[in-house]
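J.: Sequence:
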Amino acid sequence: LNTENNEPISFNGVNARYVRIMAKDSWGSAYWGLSEVMFTDGENRKIQSLEPESVSTVIERAPELPSKVTAILEDGNKRNVRVDWDAVDDSMYEKENEFIVYGSVYGSDIKAECKVIVEKCIQPKNKVTDVNITEQGGNATLTWKDPKNVDFEKIIVKYQNLKEIKTIEIDKNIQKLALSD
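Each position in the sequence shown, counted from 1, maps to that position plus 40 in my numbering.
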């Protein structure tokens, strides 16, 4: 919450169970919404630095950038803070590539950085084995076996039926999938 001079409001150490936020008539007749409220645990400590992030993706798949980064505060403590990443042009992940995406963190001029590694395909640490497809009456069943120490969150399967190419994501806990037109 900020004052009319855009300075943070301090409760001076007083505990508050509820906070009421009201719009003033002088703001105009338009509808006003609340986009974000941030409460901090004490004095407003400055961000000294931001830990860099790193993600991997495959060609033609937009990178999934983290919603938060780790800020190192001037007193040495760490805090996860929200980051708004700059837009990533599609051409950046059309081929194997490495690039940096920059982002903004509220309350700091320091830019967040995330290294993006674009690979042909991400090699699994543990391979899925015994993949079988059986078809019967226009329906297909996909089954596979995987090691107990599987290290993936989902499998992406592209398949074509009579009408179109479909892409589905499979949770790592599923070991059988029925595909149909």
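Please note: incorrect hints may appear among the correct ones.
Here are the computed lysine-lysine pairs in the DSSO-like style, where the Cα-Cα straight-line distance is at most 27 Å [as the list claims (entries may be wrong)]:
no. : residue 1 : residue 2
1   : Lys151    : Lys108
2   : Lys118    : Lys151
3   : Lys108    : Lys118
4   : Lys151    : Lys135
5   : Lys118    : Lys155
6   : Lys135    : Lys118
7   : Lys108    : Lys155
8   : Lys86     : Lys155
9   : Lys118    : Lys86
10  : Lys86     : Lys108
11  : Lys135    : Lys160
12  : Lys151    : Lys86
These are calculated hints, taken from the structure and not from any lab test.
From a predicted model like this one, the values you see are computed outputs, not experimental measurements.
J.: Which numbered hints turn out to be false for this structure?
T.: 6
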